[in-house]
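Using the supplied hints, reconstruct the complex from the two chains, each of which is provided in its own coordinate frame.
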Amino acid sequence: MTTVTNKTDNTGDVRLSGISKTYDNGFTAVQPLDLTVPQGSFFALLGASGCGKTTTLRMIAGLEEPSSGTVFLGDQEVTSLPPYKRPVNTVFQSYALFPHLDIFENVAFGLRRRGIKSVKKQVEDMLELVQLGEQARKKPHQLSGGQQQRVAVARALINTPKVLLLDEPLGALDLKLRRQMQLELKRIQTEVGITFIHVTHDQEEAMTMADTVAVMNAGRVEQLGSPADLYENPNTTFVANFLGTSNLIEAEVDTKSGDEIVLKAGGGKLVLPEARCSAPTTTGGKVLVGVRPEKISLTHADEAGEIPEGRNRITGKIADSSFIGVSTQYVIDSPVCPEFEVYAQNIDRDARLVPGADVVLHWNPAHTFGLDAAQDIDAGIQEEAAV
Amino acid sequence: MSTLTEAPPLAPVPEKKPPRKRGRLVPYWLLLPGILWLVVFFALPMVYQASTSVQTGSLEEGYKVTWHFATYWDALSEYWPQFLRSLLYAGAATILCLVLGYPLAYLIAFRAGRWRNLIMILVIAPFFTSFLIRTLAWKTILADSGPVVGALNTLHVLDVTSWLGWTSGDRVLATPLAVVCGLTYNFLPFMILPLYTSLERIDVRLHEAAGDLYARPITTFRRVTFPLSMPGVVSGTLLTFIPAAGDYVNADLLGSTDTRMVGNVIQTQFLRILDYPTAAALSFILMAAILAMVTVYIRKSGTEDLV
Numbered sequence: 018m019t020t021v022t023n024k025t026d027n028t029g030d031v032r033l034s035g036i037s038k039t040y041d042n043g044f045t046a047v048q049p050l051d052l053t054v055p056q057g058s059f060f061a062l063l064g065a066s067g068c069g070k071t072t073t074l075r076m077i078a079g080l081e082e083p084s085s086g087t088v089f090l091g092d093q094e095v096t097s098l099p100p101y102k103r104p105v106n107t108v109f110q111s112y113a114l115f116p117h118l119d120i121f122e123n124v125a126f127g128l129r130r131r132g133i134k135s136v137k138k139q140v141e142d143m144l145e146l147v148q149l150g151e152q153a154r155k156k157p158h159q160l161s162g163g164q165q166q167r168v169a170v171a172r173a174l175i176n177t178p179k180v181l182l183l184d185e186p187l188g189a190l191d192l193k194l195r196r197q198m199q200l201e202l203k204r205i206q207t208e209v210g211i212t213f214i215h216v217t218h219d220q221e222e223a224m225t226m227a228d229t230v231a232v233m234n235a236g237r238v239e240q241l242g243s244p245a246d247l248y249e250n251p252n253t254t255f256v257a258n259f260l261g262t263s264n265l266i267e268a269e270v271d272t273k274s275g276d277e278i279v280l281k282a283g284g285g286k287l288v289l290p291e292a293r294c295s296a297p298t299t300t301g302g303k304v305l306v307g308v309r310p311e312k313i314s315l316t317h318a319d320e321a322g323e324i325p326e327g328r329n330r331i332t333g334k335i336a337d338s339s340f341i342g343v344s345t346q347y348v349i350d351s352p353v354c355p356e357f358e359v360y361a362q363n364i365d366r367d368a369r370l371v372p373g374a375d376v377v378l379h380w381n382p383a384h385t386f387g388l389d390a391a392q393d394i395d396a397g398i399q400e401e402a403a404v
Numbered sequence: 155m156s157t158l159t160e161a162p163p164l165a166p167v168p169e170k171k172p173p174r175k176r177g178r179l180v181p182y183w184l185l186l187p188g189i190l191w192l193v194v195f196f197a198l199p200m201v202y203q204a205s206t207s208v209q210t211g212s213l214e215e216g217y218k219v220t221w222h223f224a225t226y227w228d229a230l231s232e233y234w235p236q237f238l239r240s241l242l243y244a245g246a247a248t249i250l251c252l253v254l255g256y257p258l259a260y261l262i263a264f265r266a267g268r269w270r271n272l273i274m275i276l277v278i279a280p281f282f283t284s285f286l287i288r289t290l291a292w293k294t295i296l297a298d299s300g301p302v303v304g305a306l307n308t309l310h311v312l313d314v315t316s317w318l319g320w321t322s323g324d325r326v327l328a329t330p331l332a333v334v335c336g337l338t339y340n341f342l343p344f345m346i347l348p349l350y351t352s353l354e355r356i357d358v359r360l361h362e363a364a365g366d367l368y369a370r371p372i373t374t375f376r377r378v379t380f381p382l383s384m385p386g387v388v389s390g391t392l393l394t395f396i397p398a399a400g401d402y403v404n405a406d407l408l409g410s411t412d413t414r415m416v417g418n419v420i421q422t423q424f425l426r427i428l429d430y431p432t433a434a435a436l437s438f439i440l441m442a443a444i445l446a447m448v449t450v451y452i453r454k455s456g457t458e459d460l461v
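Sequence lines, in order, name chains A and B. Throughout, the numbering used here is defined as the position within the first sequence, counted from one, plus 17. Throughout, the numbering used here is defined as the position within the second sequence, counted from one, plus 154.
Excised from the complex, chain B in its bound form (with noise of 0.2 Å):
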């Protein structure tokens, strides 16, 4: 605007207009391929998802926007407790997470000294391997003669796990327990990088500063710490919940038909059943569901003027 207001006067001095408006465009020069690329791999795609959503027909006579919005409703009643399994199982994973991350997060940020680096590297190493690759190694973790199903057995765990129902008899493997296990796995590192990124920024003359205010090491963390950390709380939880709700390798490899979660139920209409229609609206339930808890978790956390 004050660009604008500023061209008449400044029109005489003919020599000075060229790189002024030149200068001005660079912004939206560097913007363009970030924009181009979200265009043809986001938005171009989410368009041709929803018109797939709407349509009916068959893979012989073809398929034809017909504004049926009924799928949705169809798929919603049909595929419900996959949905609710996977908000579950995708639940649980975050917490245990969190559960595991935090401690560990906490260690690297503040006590690990010149072993920083080399527990982030630990950390980040998985990433050398496959996903697929690693998952199917937790089938033989995990597998039905192995020493770990063999240690929870002598141990009694399976017995409780078991009455819990998420085991059943001496198994493990497909299991709602496999696939929690499988799923907390794949995504530890999105739950750690966030929680050290926001730990290592807490200035630790904040945990003195507590401690000279009277607040013993358990409240500094209650008080100071953790409300600090909020930040990668919530980023990690963010990072750890969306991909795990929406993840089908980890039901698949270590899970049975009865741990179905709804990214198989996708799969399966998109590459097996090739009811195109539905999976796309199964996959637009899901990110609406996401999106609105999503959207209610960061109200709820208040974490705006802490980033």
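Just chain A, same shape as in the assembly (with noise of 0.2 Å):
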């Protein structure tokens, strides 16, 4: 590539270089961050609300103004700017599309501000890409939630912005119409190739649509990956119960060999690979023992000796089951764990697995991964638990 071109590339990087924000009330929505999003990325802010992604991104749009650090779009400073100076555009939470002007006045509102006189030909042609030719001469009240969704993109994506923000844009819609349009905004992203930084407290939002994710908590970044990474090699107990779930099991290091961990929990041992655990391991220290319910076996107690050798065992009594169709969940009282979750296929389902049956829980043990056990185990569960 031509030095040109590797100039126009990164125009479209966001680099917040230790940006804070702390509200004149003494409340500090956001602690000192710093984060990269390269250009051409959708990236997500995922977290519970008044964990500061929405007040990061406004900082972003310049709509509110850090307490400390700086902002860059490319190679220039914007933190001092106004919003209607910086070549991003937001898609706002329940929209705000402009009442008193109908759907292709409120279209083409950024193009006119900025003196642009022929407006006709772009605004039909963006109303096109967002299917909604026909209700141009509308007002947004008249409009369904969804189609008001499309508006406020179409209305942002107009302008060509370097990045586009996007806050909670898929809150107000239901189930299916939000899945919908989690294809139409990632197909449109591809499309265009413009940075998305999107907030989302829905963890399966952040995990389908984005390259990226940050998962915030109280003010921070807990953790920045792929999805796949963020939900198997969780780091902190707050990523590991807030996307999706996980069964966390309070262990103490044994003896190490090789890049295997052996652990003692309750009166069985457990093993973890050294290199999925994010806690220092020194012997006789704690350590939070995680796996996700899904990579879990269950076998009835009578037939526990057919269960291979060099799998992690546990033993315990189905507490609850659920069937959901193409899985069941099991919800299992064990000594080292109350309320250890399994979900199991239904490929061939064994009738003795009803509540008060003695089963043997096991796994792999790469699917095992380890975290520092000075935190709270139960970090992340209430979060998700009010979405």
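Restricting the straight-line Cα-Cα distance to at most 27 Å, the calculated cross-link-like pairs of lysine-lysine (DSS-like) are:
1) B:Lys454 / A:Lys156
2) A:Lys334 / A:Lys286
3) A:Lys193 / A:Lys155
4) A:Lys155 / B:Lys454
5) A:Lys102 / A:Lys137
6) A:Lys312 / A:Lys286
FYI, nobody ran anything at the bench for these hints, they're computed from the structure. None of these values were measured; they are calculated from a predicted model.
Listed below in structure tokens is the structure:
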């Protein structure tokens, strides 16, 4: 690639360096934060309400002034630029469409403000892109939620911003429409190649749409990575519990052999690959051992002998089970973990696996991850339940 | 209509019918007090005034309905300067109210924060004193030897206003300016309250969205805030203009014989000269004129789909 294209390539980079936000009442919404979003990526800020994700987005848009730090768009520092001078556009939560203007004028608003006279062609093309050509002369309140959402996207995208900011854009839509719009937004992003920064509290939404997800909690980025990486290798209990469900067991480091750590939990032993442990492991030290519910197999206690060697195993009693269709979700009462969750695919259902049955849970040690035991084991659980 | 067509199949179930009937009448019973009030205090006086305006006669011999419509023409041709003056003063006061009230309403709606309620109370506070007392107070404020006139004189403002014909010589009292000031002062809250209500309803995210879409603050105001506050502007100007056009207290207390408004004429005709037909005719002409103007105004401002 030539230097010229290299130069244009990073104009859509967003670099936040040490930005923080403390409000007048002393509440710190965002702790000093460094973040780089590369040009053309679909980046998600994921977290529960009040975690600082929207404040971060608003600081990029210029709607909120950072208490410290700087914001860069490409090579340009924009920290003190007012929003109307920044080459970014926002899709607002609940859209903020202008109620007194029709759809055409809503979409044309940004172009007109920049002094562009002949907007007709561009607006019509944009409305075509979001499949709203017919609705051009309607007022926003005459449109459905999904249509309004598309107007909001069109109104922002028509300005071909360097970065498009999306603040919970799908929050007001029902589940089916939300799924549809997720794919739609992903399609548009691939088509236009603009950097998208998407704020959401919906972990599924973040995982399906984004290339990179930053999980935020209490004004900090807890962990940043690809959706699969975050899911498989959470670094903190918050991430482990907030993204999907994790079973966390308190264990004690027994021995280390090669790249594996052997831990004592309850009466049994568990094996954890050292590479998947984010906590310091000194012999005798405490570690939280985690495993995802779908990685676990259930075997009735009578057939415990048939379980292959080398798998992590835990005994317990089925406390509850619910049939979901493709899978059955079990809650297991185990001495090491009172509410152990297991999702079993309904391939060959064992009729004896009903509440009250004694079972052995076993899984491949490679699916085990280790976390620092100094953290709150329940962090991130409440938040997800509230969603 | 649907209840009528449904009635026959319901007939065999008599125990269901009575509550339905009662339920249907409830809205009318609830309307009754309001309708009675309107009939007694609005419709009947209107009919009575209308009939008065076409009567002829005298106090001694009594008045009779003679369908004497010439009273209207006579009243209009004799008192058209007062009509014109009323509309002019009311119009000036309305514009002044809008110019003074809009920034204040904007401030209360968007910038006042925790002071919002206090400022609102201050806006309404004058209502705790009688209209008459407050207008009399302006007599003292604008008195010839008072500080206001003194200051305006020193600054040579009065020279300009005299030249414009708004004041005369070194006086403010008993001039058009004093009457318009009094009207503005007295009707200002009626402008601020509706303006505040419609500004307060505007979602601040619309301001952010406009800023995000490259509109400077002044453009945001012109393109988003002001158009969205039009319902408040329309109702505020109506609530100011209509009573101001019919007002006679301000012209009476702060004005002179040269600033008489149509309200003063009607008052004099009714209470001093006792020429009831002319007074009634003048009232109707004023009402018709205002109605016509308001209709055109509302049509032009096109706020139907904003309200």
